[in-house]
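Top line first, the protein sequences correspond to chains A and B. Offset between the first sequence (1-based) and my numbering: plus 339. Offset between the second sequence (1-based) and my numbering: plus 5.
It is possible that some hints are incorrect.
[Unchecked claim] Selected chain B positions facing chain A (Cβ under 8 Å, derived; list incomplete): (1) Ser63; (2) Thr71; (3) Thr72; (4) Gly122; (5) Arg209; (6) Leu273; (7) Val288; (8) Ser291; (9) Ala297; (10) Ser300; (11) Lys303; (12) Asn307; (13) Asp323; (14) Phe325.
[Claimed, not checked] Mimicking BS3-like on lysine-lysine, the simulated pairs with C-alpha atoms at most 25 Å apart in a straight line are: (15) A:Lys345 - B:Lys124; (16) B:Lys86 - A:Lys693; (17) B:Lys338 - B:Lys328.
[To be verified] Derived list of chain A stretches under chain B, where covered just means 3 residues or more per stretch with a C-beta under 8 Å from a C-beta of chain B: (18) 388-398; (19) 403-412; (20) 441-447; (21) 592-605; (22) 643-652; (23) 782-789.
These are calculated hints, taken from the structure and not from any lab test. Source: prediction; values computed, not measured. The C-beta atom is built at its ideal place from N, Cα and C for all residues, glycine as well.
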Amino acid sequence: MAETPKPEELFQNIDHSLPDEPWEEIPPDLSEGRFCYPTKKKNLEYLDLPTTTQDEWSPADEEWPIPDNWKEIIHEGFKERLEKYRSLKIFMDVCVRCGACADKCHFFIGTGDPKNMPVLRAELLRSVYRNDFTTAGKILKKINGGRPLTKQVLKEWFSYFYQCTECRRCSVYCPYGIDTAEVTMMGRELLSLLGLNINWVLEPVANCFRTGNHLGIQPHAFKDMVDFFCDDIEEITGVRINPSFNRKGAEILFIVPSGDVFADPGTYTFMGYLLLFEQLGLDYTLSTYASEGGNFGLFTSSEVMKRLNAKMYAEARRLGVKWILGGECGHMWRVINQYMDTMNGPADFGEVPKSPITGTVFENAASTRMVHITEFTADLLRNNKLKLDPSRNDKHVVTYHDSCNPSRAMGLLDEPRYVLNSVCNHFYEMPENTIREQTFCCGSGSGLNTEEIMELRLLGGLPRANAVKHVHDTFGVNMLSCICAIDRAALPPLMDYWVPGVGVTGIHELVGNALVMEGEIERTMDLRFEPLNEETEEDADE
Amino acid sequence: MNAAYLYSLITVVLLGLIAYAGAEAAGLEVLFGVIIPYLALIVFLIGFANKILDWTKSPVPFRIPTTLGQQKSLPWIKQNKFDSPYTTGQVVIRMALEILLFRSLFKNLRTGFGKDGQKITYKWVVWLWLFALMFHYSFLVVVIRHLRFFAEPVPFFVTMIERVDGMLQIMLPNLFISGVVLLAGASLLLLRRVLLPKLVYISRPADYFPLFLIIGIAVTGLMMRYISKVDVIRVKELTMGLATFQPSIPEGSISGLFYVHLFFVSLLVAYIPFSKLMHMGGVFLSPTRNLANNSRAKRHVNPWNYPVKTHTYEEYEDDFRDKMKEAGLPVEKE
Chain A
340 MAETPKPEEL FQNIDHSLPD EPWEEIPPDL SEGRFCYPTK KKNLEYLDLP TTTQDEWSPA
400 DEEWPIPDNW KEIIHEGFKE RLEKYRSLKI FMDVCVRCGA CADKCHFFIG TGDPKNMPVL
460 RAELLRSVYR NDFTTAGKIL KKINGGRPLT KQVLKEWFSY FYQCTECRRC SVYCPYGIDT
520 AEVTMMGREL LSLLGLNINW VLEPVANCFR TGNHLGIQPH AFKDMVDFFC DDIEEITGVR
580 INPSFNRKGA EILFIVPSGD VFADPGTYTF MGYLLLFEQL GLDYTLSTYA SEGGNFGLFT
640 SSEVMKRLNA KMYAEARRLG VKWILGGECG HMWRVINQYM DTMNGPADFG EVPKSPITGT
700 VFENAASTRM VHITEFTADL LRNNKLKLDP SRNDKHVVTY HDSCNPSRAM GLLDEPRYVL
760 NSVCNHFYEM PENTIREQTF CCGSGSGLNT EEIMELRLLG GLPRANAVKH VHDTFGVNML
820 SCICAIDRAA LPPLMDYWVP GVGVTGIHEL VGNALVMEGE IERTMDLRFE PLNEETEEDA
880 DE
Chain B
6 MNAAYLYSLI TVVLLGLIAY AGAEAAGLEV LFGVIIPYLA LIVFLIGFAN KILDWTKSPV
66 PFRIPTTLGQ QKSLPWIKQN KFDSPYTTGQ VVIRMALEIL LFRSLFKNLR TGFGKDGQKI
126 TYKWVVWLWL FALMFHYSFL VVVIRHLRFF AEPVPFFVTM IERVDGMLQI MLPNLFISGV
186 VLLAGASLLL LRRVLLPKLV YISRPADYFP LFLIIGIAVT GLMMRYISKV DVIRVKELTM
246 GLATFQPSIP EGSISGLFYV HLFFVSLLVA YIPFSKLMHM GGVFLSPTRN LANNSRAKRH
306 VNPWNYPVKT HTYEEYEDDF RDKMKEAGLP VEKE
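Next up, chain A with everything else stripped away, as it sits in the complex (with noise of 0.2 Å):
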């Protein structure tokens, strides 16, 4: 990977001034650091996907390892999903390229790139209909702004296709609600027909496939780091817990995004929820099965999507649990919300989920049966059912990031600011266009989480990390807060590289710490093994 420069240099570098020539003769660039590693076949084969016929390759490379007959099985694809996808012909067919969407994009603000324009990603797309599949296009071709498939289109497809995190921020201001999300999801699914896949994407489907989370973590060692959790628990606050897996009869299945228990700082928030349900005395149970909340098959197509998300349910059905929590998750959300009750409903098993601690009923989970945990949070502070510190997150000057997917594809937006409110002291909003349904991505969503594409990463975070900064500069704030996993990975790095000072934390690892529990000891550090004020410390040393 290519030396990153520094931010200020990448910042001046910034070129939004637009190219001489059409955009359709800028062939795409595909040099290192600007496009991420194709999937390696094993992959592939292990999920019966169709496979390039190399096994190594790049794609730089002149020639791709596709079959000879690559034009048809895209055009046959392409007709297919026409025919299931109404929001796919009307997105073809409706856009008027008013350009409200064009400065909408995380990635165009960064890169300044046109073909980063919503409107043109969609417009790679919408050509080859135009040319392929309406009348208008066949007689009028390039008038009418059509354009016959070759491979450079193909090249283009991978290239911008994976350059767009399917964050939604350009729909919130289409006219017509033109989600270039749901565009590049069907792009990718024809990239796919072709074995056209990016192994950061893949290696974790094949992985969440085989052992149900997305590193491939085995039953017994997915037990062990929970159990450590436990040690370090114990250690900071005096209370062992000991969660049971894959327990029948349990009333609740907890199901997380499993970076939470495998990554930092995810896993401090995984020790955040133990807290809390020990506190509780839920009788909740984790499943090694179904240990992975996130579903990268949202990136592959929604066949790869629908045999990923299958094991919520049926481990719910075989522990015969009443109904499933769902921990701090981007994309894991947007699936359960939009799509797990259409693929693989209707919920037979269990009831329609109440919290067992508050008697509150939540009717708007009375189908899937899947409650997000700072609806049930939310939910136990309302009715006092918590006591709390908050004065433990002290050193701590909170803003919270609208994780992409649970905001705009959920409106989950109010529940996380009401257990932020009450579990920290200082807590400040960003600045309202960056906020809620307009917030922006955190530049590595939706499987684009990879180190050799950093420099674009980075480019297309330069909008969260801004305005993160801004509040950084004006009150201080040293910690930024989201609802999920991706978030908590992509974060970091953007936040060092950008706004030095600032950490990233999930909402309930801020509970956890805020969290007075029974037959605790008197803490004096925070689940990151910190002395709880920072001050006291230097105090002391004195």
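Assemble chain B onto chain A, guided by the hints.
For chain B alone, coordinates are given in the frame of chain A:
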């Protein structure tokens, strides 16, 4: 790509000349006054219906609303009913606000870079919203006003709209505000497309052509009313003939300008089903806007849902049984 709008402009001017010469000099009044309008209408009706049917033939397999506000969850959390609708009624209001008031365009922001080059700025801009609103509403009023030519007696609402539209009695004949606003709206939208670099870059002939056509319609219409004054009685004779399916070309000539106007209108109408102008139908069908955000509460059915290969728990346990037992995890089969 600046040539793109020149091509479109030249095409529209040429088409206008053809109609003028055809009707005025070559005596093809029947072609331009009867045949082409009827053809255009047929093309429009069949094309429009076809497109809508084609869209509705494809299912909406998943519920994918873009939620632009707080979901309905706990009773004490205030739901944003219009941006994150939970019931069909709320969806209807969301759609009405979108279609009648162009609410999404109203939210438009312009992203910029601060002077120090270190801060990204967001500025609320309403121009696109304003121009679009001017354009669409004046067009609607103009169309309704024109019903006068196709109905006898003139319906009361047409007369009423005319009266409001002609409130500014500053000229003789009464100035209709709508005609001027239509010309202004279309021209401003065109200027945007010609002057803003980003818009120029994403625009194609198919974007300029309908704008020039509509400007042509507005200009010829205004000219007929305020400058060269066509014989309205004869025009109505012709249009009533069309409306009652007893077409005839009235005695004595109507100005060539009228045939240009009618030809432009015919072209526009016939062009709609094959172009981006179909957004007028599509906006009602957009799945990100016209669905309720309640798919966790109510089950939604995908008509083509099919079984897929999963990795079942049994297969999983077969893979890892020994390790699970060793770690003290419960297993189904010993």
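Here's how the hints hold up against the structure:
At about 4 Å, the closest approach between the beta carbon of Ser63 (chain B) and any beta carbon in chain A falls short of 8 Å, and the interface hint on this residue holds. Look at Thr71 (chain B): its Cβ gets to within about 5 Å of chain A, closer than 8 Å, so that hint holds up. The criterion of a C-beta within 8 Å of any C-beta in chain A is met by Thr72 (chain B), whose closest approach is roughly 4 Å, and the hint holds. With a least beta-carbon distance of about 6 Å to chain A, the hint placing Gly122 (chain B) at the interface is held under the 8 Å criterion.
Because the smallest distance between the Cβ of Arg209 (chain B) and any Cβ of chain A comes to about 4 Å, under 8 Å, the interface hint for this residue holds. At a threshold of 8 Å, the smallest CB-CB gap from Leu273 (chain B) to chain A is about 14 Å, leaving the interface hint violated. With a least beta-carbon distance of about 5 Å to chain A, the hint placing Val288 (chain B) at the interface is held under the 8 Å criterion. Hint status for Ser291 (chain B) relative to chain A: holds, with the closest Cβ pair at about 4 Å, below 8 Å.
Restraint check, Ala297 (chain B) versus chain A: the minimum CB separation of about 11 Å is more than 8 Å; hint violated. Restraint check, Ser300 (chain B) versus chain A: the minimum CB separation of about 6 Å is within 8 Å; hint holds. Contact between Lys303 (chain B) and chain A, as hinted, is supported at the beta carbon level, the nearest pair being about 6 Å apart and thus within 8 Å. Interface restraint check: Asn307 (chain B) against chain A, minimum CB-CB distance 5 Å, threshold 8 Å, status holds.
Given the 8 Å rule on beta carbons, the hint for Asp323 (chain B) is violated: about 12 Å separates it from the nearest Cβ of chain A. For Phe325 (chain B), the interface hint holds, the least distance from its beta-carbon to any beta-carbon of chain A being 5 Å, beneath 8 Å. Taken as a hint, the Lys345 (chain A) and Lys124 (chain B) pair is honoured in the structure, with Cα atoms around 16 Å apart against an allowance of 25 Å. Taking the CA atoms of Lys86 (chain B) and Lys693 (chain A), the gap is about 24 Å. The hint holds against a cut of 25 Å.
Of the pairs offered as hints, the one joining Lys338 (chain B) and Lys328 (chain B) holds, with about 13 Å between alpha carbons and a cut-off of 25 Å not exceeded. Counting residues of the region 388-398 of chain A whose C-beta sits closer than 8 Å to any C-beta of chain B gives 0, which falls short of three, so the coverage hint is violated. Residue count for the region 403-412 of chain A with a Cβ under 8 Å from a Cβ of chain B: 0. That is fewer than the three needed, and the coverage hint is violated. For the region 441-447 of chain A, the stated coverage by chain B holds: 3 residues have a C-beta nearer than 8 Å to a C-beta of that chain, and at least 3 were required.
Only when three residues or more bring their CB closer than 8 Å to a CB of chain B does the claim for the region 592-605 of chain A stand; here the count is 0, and the claim is violated. With 4 residues having a beta carbon nearer than 8 Å to a beta carbon of chain B, the region 643-652 of chain A meets the requirement of three or more and the stated coverage holds. A count of 0 residues in the region 782-789 of chain A with a Cβ less than 8 Å from any Cβ of chain B is obtained; the coverage claim is therefore unmet, three being the minimum.
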